[in-house]
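Each chain, letter by letter, is given below.
Number of protein chains: 2
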Amino acid sequence: MDIRRRNNVTVTGRADGPVLLLAHGFGCDQNMWRLVAPALAESFRVVLFDYVGSGRADSSAWDERRYSSLEGYARDVLEVAEELDLRDVTFVGHSVSAMVGVHAAAKAPERISRLVMVAPSPRYIDEDGYRGGFSAEDIDELLESLESNYLGWSAAMAPVIMGNADRPELGQELTGSFCATDPDMARVFARTTFLSDSRADLKTVTVATLILECRQDVIAPREVGAYVRDAIPGSRLVTLEATGHCPQLSAPRATTGAITDFVGAV
Amino acid sequence: MDIRRRNNVTVTGRADGPVLLLAHGFGCDQNMWRLVAPALAESFRVVLFDYVGSGRADSSAWDERRYSSLEGYARDVLEVAEELDLRDVTFVGHSVSAMVGVHAAAKAPERISRLVMVAPSPRYIDEDGYRGGFSAEDIDELLESLESNYLGWSAAMAPVIMGNADRPELGQELTGSFCATDPDMARVFARTTFLSDSRADLKTVTVATLILECRQDVIAPREVGAYVRDAIPGSRLVTLEATGHCPQLSAPRATTGAITDFVGAV
Chain Z
1 MDIRRRNNVT VTGRADGPVL LLAHGFGCDQ NMWRLVAPAL AESFRVVLFD
51 YVGSGRADSS AWDERRYSSL EGYARDVLEV AEELDLRDVT FVGHSVSAMV
101 GVHAAAKAPE RISRLVMVAP SPRYIDEDGY RGGFSAEDID ELLESLESNY
151 LGWSAAMAPV IMGNADRPEL GQELTGSFCA TDPDMARVFA RTTFLSDSRA
201 DLKTVTVATL ILECRQDVIA PREVGAYVRD AIPGSRLVTL EATGHCPQLS
251 APRATTGAIT DFVGAV
Chain F
1 MDIRRRNNVT VTGRADGPVL LLAHGFGCDQ NMWRLVAPAL AESFRVVLFD
51 YVGSGRADSS AWDERRYSSL EGYARDVLEV AEELDLRDVT FVGHSVSAMV
101 GVHAAAKAPE RISRLVMVAP SPRYIDEDGY RGGFSAEDID ELLESLESNY
151 LGWSAAMAPV IMGNADRPEL GQELTGSFCA TDPDMARVFA RTTFLSDSRA
201 DLKTVTVATL ILECRQDVIA PREVGAYVRD AIPGSRLVTL EATGHCPQLS
251 APRATTGAIT DFVGAV
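As given, the protein sequences belong to chains Z and F, one line each in that order.
Numbering follows the UniProt record's numbering, in which position 76 of the first sequence is assigned residue number 76; successive positions increment by one, without gaps.
Numbering follows the UniProt record's numbering, in which position 142 of the second sequence is assigned residue number 142; successive positions increment by one, without gaps.
Don't take every hint at face value.
[Claimed, not checked] Ranges between beta-carbon positions, derived for each pair:
{"id": "1", "chain 1": "F", "residue 1": "Gly17", "chain 2": "Z", "residue 2": "Ser135", "range": "47 to 55 angstroms"}
{"id": "2", "chain 1": "F", "residue 1": "Gly264", "chain 2": "Z", "residue 2": "Arg167", "range": "24 to 32 angstroms"}
{"id": "3", "chain 1": "F", "residue 1": "Arg215", "chain 2": "Z", "residue 2": "Arg14", "range": "33 to 41 angstroms"}
[Claimed, not checked] Chain F stretches covered by chain Z per the calculated footprint, using a threshold of three residues with CB under 8 angstroms from any CB of chain Z:
{"id": "4", "stretch": "151 to 158"}
{"id": "5", "stretch": "173 to 181"}
Because the hints were derived from the structure by calculation, they are not lab data.
Backbone N, C-alpha and C define an ideal beta-carbon position, used for all residues, glycine too.
Kindly produce the complete structure, drawing on both the sequences and the hints.
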């Protein structure tokens, strides 16, 4: 199988630079990194890809069972890393991809040696002693609405997730990204995203980890950023001067700066 | 009635500069001008607004009958111009708004003294001796599909209309813009857009007119640009180094340059 084609892999930047592997979240694709990739490419070798089921990845490689777990998405990551023989990679995962990175780094620490988590959440549903930001009913309703009318859900929710209502083009771009995703594959990815519980996995992280959170994010509230930091030994939490769930689009310079500082400092 | 609030009017740029009134097309709003407005604001007083039924205009002012004709949209334009007491305005209309500008200039030539038509078409449907680019059946199907599933139509069509498939964020932004429009109001605006015939009106244009077309545009093919130029006495046609139907987003510098040259040259 041609992994580069399957995952629509793009390699840019400094050929001899340290490697950044940028992984998009639910309903998105590598285009999500378009405002940070050019600046990062000045210092890094930047590898972009789309998960199967997203963007321009090969949808004939779709496998509902595989992509019903975060491990399935982590296999995409590792297969891309193997195909390009990447080592000592800084894996930058947005949203659910931050947890995909936890699984990938656990499987292949010789390849993934640093994690940057952009707006991560290991668990969206509140429990006694844990606040993820959503009740179980909230998530059930979210998934029901998404499953019954994916495009309507996208149009309503993407601008809320993006935040930054004063820059409507950002919400519109995210709406379009959601709408461009195959609804059947999006339904599977949504369930994986919103129902997974990766809290126990955080404690297994042994690689250097940077957590980037936004000041205000309806998907990943501040308590979650602090939880992730406390759960991962030695991790660092940076609160970006940004709002919404997608700082790589809404605050690309702050995001680029934090990633660059982290890789330089480790 | 507070027209500024009703039409979500924004005024920026040089207070003593010549006035540009920028008018968006179907499924869009003033955000459509976001990549050209800052540069234009250096030389011009730039007035932006949303038609009732679009963007953040006051939807309580919606009137299906009024907005079923281009004259209704032209009334929005003229009411904004009166409210701000604008005179000697260059009206820049994108897509269907180019034809709205024809009506507005005919009604109030003391206010609208120049027209810039961005990707205009006076008639989408082919006829003997006229090629608009669509058969009557094409347009019927387009409207049926739009009316039965507006969001699905938006997700499918916006990227095609935008063109520039190598920059998917552009199609995604247009998808999001379409999806953000109220479906019932969009249905009315779509019928007005795609069923109007403004060919006879072109001959009545007496103001200086610049026609901007793109090299390749599925909505307004090259023949239509030539038709508009031939129909409007003394008009000038410029083919932008751009593809798709929205050069103000896909080729903002070329668009800004052409507008600035035209107003300076008149």
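Hints, one by one, checked against the model:
no. : hint                                    : result
1   : Gly17/F x Ser135/Z: 47 to 55 angstroms  : holds, 54 angstroms
2   : Gly264/F x Arg167/Z: 24 to 32 angstroms : holds, 31 angstroms
3   : Arg215/F x Arg14/Z: 33 to 41 angstroms  : holds, 35 angstroms
4   : 151 to 158                              : holds (count 5)
5   : 173 to 181                              : holds (count 7)
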